[in-house]
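Below, each chain spelled out in residue letters.
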Amino acid sequence: MSLAATNMRLRLPLLCIILEVILIILFGTLVEYNVDTDAKLWNANKNQSATRHDYENEFYYRYPSFQDVHVMIFVGFGFLMTFLQRYGFSSVGFNFLIAAFSLQWATLMQGFFHGMHHGKIHVGVTSMINADFCTGSVLISFGAVLGKTSPVQLLVMAIFEVTLFAVNEFILLTILGANDAGGSMTIHTFGAYFGLVVTRVLYRPNLDKSKHRNSSVYHSDLFAMIGTIYLWMFWPSFNSAITNYGDPQHRTAMNTYYSLASCTLATFAFSALVNPEGKLDMVHIQNAALAGGVAVGTAGEMMLTPFGSMIVGFLAGTISVLGYKYLTPVLESKLKIQDTCGIHNLHGMPGVLGAVVGAVTSALASPAVYGNGLQRVFADGEPGEWNAQSRGGFQAISLVVTLGMALIGGLVTGFILKLPIYGAPPDTHCFEDGLYWEVPGEEEGHHELNEVATPNETEKLNS
Amino acid sequence: MSLAATNMRLRLPLLCIILEVILIILFGTLVEYNVDTDAKLWNANKNQSATRHDYENEFYYRYPSFQDVHVMIFVGFGFLMTFLQRYGFSSVGFNFLIAAFSLQWATLMQGFFHGMHHGKIHVGVTSMINADFCTGSVLISFGAVLGKTSPVQLLVMAIFEVTLFAVNEFILLTILGANDAGGSMTIHTFGAYFGLVVTRVLYRPNLDKSKHRNSSVYHSDLFAMIGTIYLWMFWPSFNSAITNYGDPQHRTAMNTYYSLASCTLATFAFSALVNPEGKLDMVHIQNAALAGGVAVGTAGEMMLTPFGSMIVGFLAGTISVLGYKYLTPVLESKLKIQDTCGIHNLHGMPGVLGAVVGAVTSALASPAVYGNGLQRVFADGEPGEWNAQSRGGFQAISLVVTLGMALIGGLVTGFILKLPIYGAPPDTHCFEDGLYWEVPGEEEGHHELNEVATPNETEKLNS
Amino acid sequence: MSLAATNMRLRLPLLCIILEVILIILFGTLVEYNVDTDAKLWNANKNQSATRHDYENEFYYRYPSFQDVHVMIFVGFGFLMTFLQRYGFSSVGFNFLIAAFSLQWATLMQGFFHGMHHGKIHVGVTSMINADFCTGSVLISFGAVLGKTSPVQLLVMAIFEVTLFAVNEFILLTILGANDAGGSMTIHTFGAYFGLVVTRVLYRPNLDKSKHRNSSVYHSDLFAMIGTIYLWMFWPSFNSAITNYGDPQHRTAMNTYYSLASCTLATFAFSALVNPEGKLDMVHIQNAALAGGVAVGTAGEMMLTPFGSMIVGFLAGTISVLGYKYLTPVLESKLKIQDTCGIHNLHGMPGVLGAVVGAVTSALASPAVYGNGLQRVFADGEPGEWNAQSRGGFQAISLVVTLGMALIGGLVTGFILKLPIYGAPPDTHCFEDGLYWEVPGEEEGHHELNEVATPNETEKLNS
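From first to last, the protein sequence lines are chains A, B and C.
Going left to right, the first sequence walks through residues 1 to 463 as full-length UniProt numbering numbers them.
Going left to right, the second sequence walks through residues 1 to 463 as full-length UniProt numbering numbers them.
Going left to right, the third sequence walks through residues 1 to 463 as full-length UniProt numbering numbers them.
Mixed in with the good hints there might be a few duds.
Given that identical chains are not distinguished, each listed pair holds provided it fits within a single copy or across any two copies.
Straight-line C-alpha distance at most 25 Å; calculated SDA-like pairs for lysine to any residue [stated by the list, open to error]:
hint, residue 1, residue 2
1, Lys40, Glu56
2, Lys40, Tyr55
3, Lys40, Gln375
4, Lys40, Ala379
5, Lys40, His122
6, Lys40, Glu58
7, Lys418, Ser390
8, Lys211, Gly434
9, Lys209, Glu438
10, Lys325, Arg200
It is worth saying that the hints were derived from the structure and are not from the lab.
Start from the sequences, fold in the hints, and give me the full structure.
Here it is as structure tokens:
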């Protein structure tokens, strides 16, 4: 099949090359090694102070966490979205493309807003983690528009979303002084509502023409479980990746671990409960079991306790399954929000829950509980001037700001993406790899694209 | 298909919710952050002693190992069991469910037996690793009953097995003072024989009615290889995860690496040798190649040397392949032990081998070889009072205790699981996802579950 | 199907057992724990100097990197090669076998050439990484002959290639004093040209008899993407695994990260550009996106800057896609080089590019840029006697030596592999698992192997 309207031959190469050239020029102009990655600075520093040993290089504190986050971004998100029967190449492939672009662009945008030193952006493993975090937000939004967008559209969306992410992050972390190490607000709430507004603006009334492809097959669900399990396993690393060294990093990982375990039991319980025959639904297991990680993204570094983490995880799993069952159909029919992956249930509501839990946990923090560790969790937490209530208030304001930024940003971006110049798929060919990929077997010509749904079909000849 | 007898709509949610509520209450009552995860304690401690730097937090010593173990539990075990053609959802999904439950329950049980401080259980990354270890034992037993049990049965099995695991571990490590860092005895021998007795008690004389589903298809074998390879790669982390810092952790990882490499060559050799046409069998490669990790689970931390590790690995691979070929059919026909995954060959015999190797290596240990490192490997190994023979004896007694605990525990648990209240699958529908899962395509209704041979087949009806 | 000529029943077991016995004997004679893994040495050392803490054990600097490299070798290479529709078992399985052998043999060969201490080879995590690196080289060559060789042939190839790898590495790193931490020359260039010469010598004029199996199907391409993504994500760990502690390790990982991100955009751009309909080709995405990691294998530890890394990555992705499109067909038709995986495009040309970039970057190094870090990157880089030009020259000579060694070594090895004693597949049965594996379904008997055995087989009906 080759529709001229969706032909990427010029559009995609041009956009990729132009973007990469711009990135290279900006990196050449603006980006420098930080103290921990620069041969001269690190070794000068080492000799002078006598206290910086090689094992104190931030690499050893953060690189294992970075790699886990990296796996979540590329394998986790990438494979989670392969559940569609005929969209595996695009799910993993476009995920790969927009992530590779976003992490470079995020390095610049985040560096511009909160990493400038004498006019230069300093980079190291922490900036790499932050760039991956920002990329995660774009991939969440990708989940809402999955199957209905061209790669060019996705790259354009990434340009805007990364930029707004950096602005929002700057407002929250720098201006409001909020805590959000695991990104319940900055990553999940922002990414989810941004994506939902984009998909609302791109609403397709005739999407049911591609309905037969908008579902899974047996093996595609197993590929998706690879994504799920990796996200689930490494979420403790995600939430703890940029917390302070020592107890905060350790505690965050552990709180997330307990939240996820509890969330998983809630997910299985409610998945069976909402099904008339008591059968489990792969959609719930693949997604809702992860909500526990989202929901402790803000409070995970605090003294939430395993007990608190498990309660939050249980709630997150519950609302997520109920959202898939009862809310998603309503969002589509009433609000015209076509949310392919159900990001509202996995990132939206659990993200808001996480923001609220973070605000409450902040408001309950006290020197009695945190001791000298208070200022290691809350940057301005000197015991003398500590005001837990105002801290909780700033956290709540941060949620409101995030929602506002996501809604307005998504609206503007949505209308930009609606321009008919990006080669978006027609309503009849959504959720279909064959539009943008050479799919094996297709060149044969003895069947039409819209007749042959999946490779599995050929198997019937065997039976 | 919907059999009332296997309907999970009330049973599974009720059990999950009750268990999680109990867990949450017990965590709220009993569990506290340990020194390395508590904001107040860690920072107080740091200020006083001046010797505890953030890089000395146990997180940095153990968290990368923990993540590798975590991958083994959820991806390794989960995907290893997807080899069945029509049981992939259940393999990964039930693995996920019972692991998420077990790690919480294990935290309490292990904490109760050997982690209480002033009436509280202290948790940190080491307790997380230990909980994952205990979970591993349950997943081994799951392999024996795979395809023949409902999720409710599996959760009930986990409740009992985790509890008995903690008791056995307490007897071995605390009372007998045995070494078993990688769990040849506590994890593998215990999990294997426990599971074998359970499956014996649950013997199904008419299981051949589901025989056509009790085998692999091409792609399911590739999914299973994902599990195999992850288990194989991360076994060095598994065996070294809770050894002492420094040389023991380093040495254990390396010994395991050599044992596994040698085991792999033995596996390929004997797999081809026992086949009339000299063809390799995926069952052997998927399983026996891992036996080398099991068999150095006890002695890996000792001065076993790469040479010794390779001999042990070679033996383990050999007995494992021979077990699959010659012993498993006999176990089923003569002893009525239906061992779906062949855990006797991967965990049972290699676990016993590992226990014996551990006893012998302990009995050969001496201050001349270990120097000041003796007491870092053997807790009571002060050079003056060291008695290698008695140490070897205690190791041997530990194996006997473990076998006894596994047999009795498995027997009791098996009879409890035999009660007809858990919604176990009928003999005609074993190894079948459709009983407990919404399987894609199934809602079509124009074919019967037991008519459908492979997952792919159902898809043709969908098109 | 059972061809006597390809029956492995005696050949494979005999070779595996003999090799492993030889390895075990040599390990017993020659291999010892190094200071960081020996109980006596590490603890003696610790007590005396008072400066070696447990956290200074090389395990904590290198083990996370080792595990990432390990994943690349076993999952990355293994699954990358599963793209063939009917060769998944062999791709993952033979990869597993020859890697398990090669890492043991490499430990001996590399130890013999540059790890002997008083007649003993000292082993620890660094030797484990180096052994995995050498194994990577063999697996690259495996990609060229994929589907056309028996496991016995592959093991014989590994024996020779590992040995020559160690010789070449010794010449480059020890005699010429070259830098090549990520192995652009030692691993990629060597492995690629060695493999290309071997496949040239093994040229099969009638390979088109197996042409219908020499392509992918939908799900096999998704399995291959698992390999791709893991290689891509962990390449920063690969290149930095054996660099010096501190800034070099940190910088190398970061440079590689940027090179790969840039390379990915180039890959997508040129993949769409070279296709008449603008469609992306999975072969390019699976392979060319990785070329950025290869191309900074030498210069990654130097002060290449993110800017420089991105330029190199972009070039690497571009030449790699163009190579797949325009060069590979010519290599086959004109030079009779049948390169199954296109290793010339992924490892060959990008490896040479990496060597050149390394030579240039070395020649531009100066104390002004590196400060006291100069000698931590360049072993002989004392500021006083530093001669960047001669350093660049030695790097260039190293490339020439590597190419020479690869060509001659490949030639000799190729002729040895041509002997008709290894059970190589006939031209009609290349790219076919059924020759060496029990493939599920085959026992049914109602179809012949060459008529289609597994779900995949039906796909040929499509062709």
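Cross-check of the supplied hints:
no.	hint	result
1	Lys40 with Glu56	both (16 Å within a copy, 23 Å between copies)
2	Lys40 with Tyr55	both (17 Å within a copy, 24 Å between copies)
3	Lys40 with Gln375	between (32 Å within a copy, 11 Å between copies)
4	Lys40 with Ala379	between (30 Å within a copy, 16 Å between copies)
5	Lys40 with His122	within (14 Å within a copy, 33 Å between copies)
6	Lys40 with Glu58	both (16 Å within a copy, 24 Å between copies)
7	Lys418 with Ser390	neither (42 Å within a copy, 58 Å between copies)
8	Lys211 with Gly434	both (16 Å within a copy, 23 Å between copies)
9	Lys209 with Glu438	both (22 Å within a copy, 24 Å between copies)
10	Lys325 with Arg200	within (20 Å within a copy, 40 Å between copies)
Comparing the model with each numbered hint stated earlier shows that hint 7 is the single one that does not hold.
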